[in-house]
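J.: The listed protein sequences derive, respectively, from chains A and B. In terms of full-length UniProt numbering, the first sequence opens at residue 1 and continues consecutively. In terms of full-length UniProt numbering, the second sequence opens at residue 1 and continues consecutively.
Rather than coming from a laboratory, the hints here were simulated on the basis of the structure.
SDA-like, lysine to any residue: derived pairs with alpha carbons at most 25 Å apart:
| id | chain 1 | residue 1 | chain 2 | residue 2 |
| --- | --- | --- | --- | --- |
| 1 | A | K141 | B | Q80 |
| 2 | B | K55 | B | D124 |
| 3 | A | K129 | A | H99 |
| 4 | A | K84 | B | Y147 |
| 5 | A | K27 | B | K55 |
| 6 | A | K95 | A | F127 |
| 7 | A | K47 | B | F49 |
| 8 | B | K17 | B | V105 |
| 9 | A | K27 | B | G54 |
| 10 | A | K73 | B | D34 |
| 11 | B | K27 | B | E111 |
| 12 | A | K47 | B | G48 |
| 13 | A | K73 | B | S62 |
| 14 | B | K154 | B | I86 |
| 15 | A | K84 | B | G54 |
| 16 | B | K73 | A | T68 |
| 17 | B | K12 | B | D155 |
| 18 | B | K27 | A | T68 |
| 19 | A | K8 | A | L113 |
| 20 | A | K73 | B | T68 |
| 21 | B | K44 | A | N71 |
| 22 | A | K73 | B | E36 |
| 23 | A | K73 | B | I5 |
| 24 | B | K55 | A | N71 |
| 25 | B | K84 | A | R63 |
| 26 | A | K27 | A | E76 |
| 27 | B | K27 | A | P35 |
| 28 | A | K84 | B | K141 |
| 29 | A | K27 | A | E102 |
| 30 | B | K141 | A | E83 |
| 31 | A | K84 | B | R63 |
| 32 | A | K73 | B | P35 |
| 33 | A | K141 | B | D34 |
| 34 | B | K44 | A | F49 |
| 35 | B | K95 | B | L10 |
| 36 | B | K55 | A | D74 |
| 37 | A | K47 | B | W66 |
| 38 | A | K84 | B | E67 |
| 39 | B | K47 | A | G54 |
| 40 | A | K84 | B | G60 |
Number of protein chains: 2
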Amino acid sequence: MAVEIERKFLVKSEAFKQDALTSYSIKQGFLNRDPERTVRVRLKRGKGFLTIKGKSTDGGLSRFEWETEINPKDAEALLQRCEKGIIYKTRYELKSGHHIFEVDVFHGENEGLVVAEIELQSADEAFIKPEWLGEEVTGDKRYYNSYLSQYPFKDW
Amino acid sequence: MAVEIERKFLVKSEAFKQDALTSYSIKQGFLNRDPERTVRVRLKRGKGFLTIKGKSTDGGLSRFEWETEINPKDAEALLQRCEKGIIYKTRYELKSGHHIFEVDVFHGENEGLVVAEIELQSADEAFIKPEWLGEEVTGDKRYYNSYLSQYPFKDW
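Required output: the full structure, derived from the provided sequences and hints.
T.: In structure tokens, the structure reads:
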């Protein structure tokens, strides 16, 4: 149980890949897409996760989040009960100063979309902006994965 | 992860209370009320539970169900993010032959409603019907707790 402070940005080039420490596939679906009570099922690196997110506050900077690890077979069974619009993406992790950027490259119906996220300790914490970092989209609900699941990027 | 086979009945009298082995309070809410992907948060005997139910089959007799125990403090936090319409009820457990009946006496907005459930191994398994057992309501979605949360019994 935590309140996460995150800022989200579009990505201008593929230059981030050179600095990736690791990358892996993510498959996820939603048992509820409502931004006030999002219920996400995720498969990541052979592990299953169930995550519940609440309403965002501070202009989208922070959001209640609760997560539990679940059996990956259970995650597969739950993914079959999710709303239509399973999300497939490759996540790259890289360091920028003492922060970690997570860059998600979307596939399938969301091909062409690349989004970077950084987790901060406070809303005004400074961080190093890599040259590939584009426009900030923190708090823009269109970039919520729950929104993309229903309104994929290819239809924008 | 299981498919549960359950039959549900109304209750005609309070006679079941004489045979109760145990009773306890349940408080529960829904992160999604959709019968195809119900997400329930429950507090029961000091423990927390998160339960996901799928679409019912066989005329409401069986339904996909997945449950995990969670920290009761997390359950409290998640209950605050649930849809309006928290359900309060007292559950009585009693034996009938080698089966267990769970009888739920609803409170608050659902005061006056009493429902009994029996879990079976197969759809046609025989069981002893106590004299207090009323009309069968198996598969009637109005008696789903997720429905009662939105359309409480007092308004029927």
